[in-house]
Amino acid sequence: MRYERPETITDATALLENAPDRAFVLAGGTDLLVRMQNDDFEAELVVDIKSIAGMTEISETQDAFVVGAGVPCAALSENAALVAAWPGVVEAANLIGSTQIQGRCTMAGNLCNASPAADSVPALVAAGAQVRIAGPSGLRTAAVEDVPQSPGKTSLKKGEFIEAIELAKPGPRSGDAYLRFIPRTEMDIAVVGVGVRLVLDDAGVVTSARIALGAVGPKVLLVKEAADAVIGTGLDDAALDALATACSDAATPIDDKRGTVEFRKEVAGVLARRAARIAYTRAGGSQ
Amino acid sequence: MTAIAVSTTINGDDVEYLCQPDETLLDVLRNRLGLMGTKEGCGTGDCGACSTIMDGRVVCSCLVLGAEAQGRSIETIEGMAQGAELHPLQRKFIEHAALQCGICTPGFLIAAKALLEEKPDPTEEEIRFWLAGNLCRCTGYDKIVRAVQDAAREMRGEAA
Ligand SMILES: Cc1cc2nc3c(=O)[nH]c(=O)nc-3n(C[C@H](O)[C@H](O)[C@H](O)COP(=O)(O)OP(=O)(O)OC[C@H]3O[C@@H](n4cnc5c(N)ncnc54)[C@H](O)[C@@H]3O)c2cc1C
Ligand code: FES
Ligand code: FES
Chain G
1 MRYERPETIT DATALLENAP DRAFVLAGGT DLLVRMQNDD FEAELVVDIK
51 SIAGMTEISE TQDAFVVGAG VPCAALSENA ALVAAWPGVV EAANLIGSTQ
101 IQGRCTMAGN LCNASPAADS VPALVAAGAQ VRIAGPSGLR TAAVEDVPQS
151 PGKTSLKKGE FIEAIELAKP GPRSGDAYLR FIPRTEMDIA VVGVGVRLVL
201 DDAGVVTSAR IALGAVGPKV LLVKEAADAV IGTGLDDAAL DALATACSDA
251 ATPIDDKRGT VEFRKEVAGV LARRAARIAY TRAGGSQ
Chain F
1001 MTAIAVSTTI NGDDVEYLCQ PDETLLDVLR NRLGLMGTKE GCGTGDCGAC
1051 STIMDGRVVC SCLVLGAEAQ GRSIETIEGM AQGAELHPLQ RKFIEHAALQ
1101 CGICTPGFLI AAKALLEEKP DPTEEEIRFW LAGNLCRCTG YDKIVRAVQD
1151 AAREMRGEAA
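Going down the list, the sequences are from chains G and F. Just so we're aligned: 137 in the numbering used here is position 137 of the first sequence, and the numbers increase by one with no gaps anywhere. In the numbering used here, each residue's number is its place in the second sequence (first place is 1) plus 1000.
Take the hints with a grain of salt, since some may be wrong.
To be verified - From chain G, some residues computed to sit far from chain F (all C-beta separations above 10 Å):
1. R5
2. P6
3. A19
4. G29
5. D39
6. A43
7. N79
8. V83
9. K169
10. K224
11. F263
12. R274
Claimed, not checked - Looking from chain G toward chain F, a few residues come up when the C-beta cut is under 7 Å (computed):
13. Y3
14. Q37
15. Q100
16. G103
17. K153
18. L156
19. I254
Hint data in this document are derived by calculation from the structure and do not stem from the laboratory. This one's a predicted model, so the numbers in the text were calculated from it and none came from an experiment. Glycine included, every Cβ here is placed at the ideal spot set by N, Cα and C.
Here chain G stands alone, though its shape is the one from the complex:
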């Protein structure tokens, strides 16, 4: 195995483009190093992106927060402006692993590892986050939901890597939330995860909604029917019932010892309802 620590984006994309097939970006390493311990996993090249300028910083433009791909999740909760703008995204990212894992794990790594149960991903999708993808032919952006394809597979092409995640600065009366169900209270993998983002008008009517489910399909699901169920309502009981039904219907989970299909579908609805209530309150609505 070769280890490289490029200092520019161009050097990093060149290394990845000319690399053998078994080439990996290294961010926090909390997935990659676990895989490397496995005897039948072999990496020929590891490209550590954390020495590239800006990669471990959270910066702000006029209308967005730009979270570098090397920013450890622990640093997200230390940024008061980001927490105020996107509490659900920060909470989701802070659920990943333990204190030790938080000191290293990144949201971009969580996304690119392409586990259907990745905690930050439904929250990012609900938030409408975009990724900046650096590649041999320059920069492109994509919606977060377009990155994971199936367990372990992303839409990134050879030579490409995620440089940063962009979260638009929310306008007034907007709120987000993420909830997951795990059999333990800490250090476990989501059986169901739900991200919700709502925008309200002055009367408390939902004008825009995005609801995303994790761990109940081969990749994160953006559930339009669930959004349609609450748009135009004041999130009354009927709207919440319709939202829960839409989420349960959309879920296509696996059956295993941690939860049956029936249980996971039910929990998707229950969590969506609870997360929507939190997002609604955060957006300044009162029920």
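For this one, chain G is given, so just place chain F with the ligands on it according to the hints.
Using the frame of chain G, we list chain F with the ligands on its own:
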């Protein structure tokens, strides 16, 4: 594989070593630098026995490459006592019998030290959540939590 030359700071001292590209920081500390206080429990990020502090954040050294330590500042259990004088956390772990076999202890001490530096007066719940990534198979967690609370009190200058 060609070895990589790394210069880093460990417990305040400049250190240089050669390591293989796929070697973990845990293996470098133990096998190349003779710093055997950092333990290996699982090797996969689950148990916290290998906890070290890198640039102020607690990390699992089994999930860090030795090569990544270049230019960073690393703190291990060996840097915790000042000469013969134990850190209050170390003393309180002994007083409260917060250890049996001791394999998990350096990891708990390092993680608890980072907690108290960030939050001198944590609640019991905050202590338990912060230490959720440190597993102990002998002692049970109560004595460990009591030791951390007692050390925190002493470090804040309050009487026990
Ligand atoms: C003990 C433990 C507990 C965990 N608990 C959780 C949990 O509760 N919830 C959860 O969702 N996950 C959990 N994880 C998994 C892991 O911590 C997360 O997925 C984490 O966010 C991965 O980020 P990383 O920066 O460490 O990724 P890395 O390991 O550095 O990379 C992961 C993958 O993504 C690729 N990659 C990384 N960055 C980029 C980039 N910028 N562009 C392109 N490709 C990239 C890598 O090549 C690799 O294939 C846990 C892991 C451990 C060891
Ligand atoms: S040995 Fe590193 S976490 Fe267990
Ligand atoms: S004292 Fe033996 S594992 Fe904790």
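Checked hints:
| no. | hint | result |
| --- | --- | --- |
| 1 | R5 | violated, 7 Å |
| 2 | P6 | holds, 13 Å |
| 3 | A19 | holds, 14 Å |
| 4 | G29 | violated, 5 Å |
| 5 | D39 | holds, 12 Å |
| 6 | A43 | violated, 7 Å |
| 7 | N79 | holds, 15 Å |
| 8 | V83 | holds, 16 Å |
| 9 | K169 | holds, 27 Å |
| 10 | K224 | holds, 36 Å |
| 11 | F263 | holds, 25 Å |
| 12 | R274 | holds, 21 Å |
| 13 | Y3 | holds, 4 Å |
| 14 | Q37 | holds, 6 Å |
| 15 | Q100 | holds, 5 Å |
| 16 | G103 | holds, 4 Å |
| 17 | K153 | violated, 23 Å |
| 18 | L156 | violated, 22 Å |
| 19 | I254 | violated, 23 Å |
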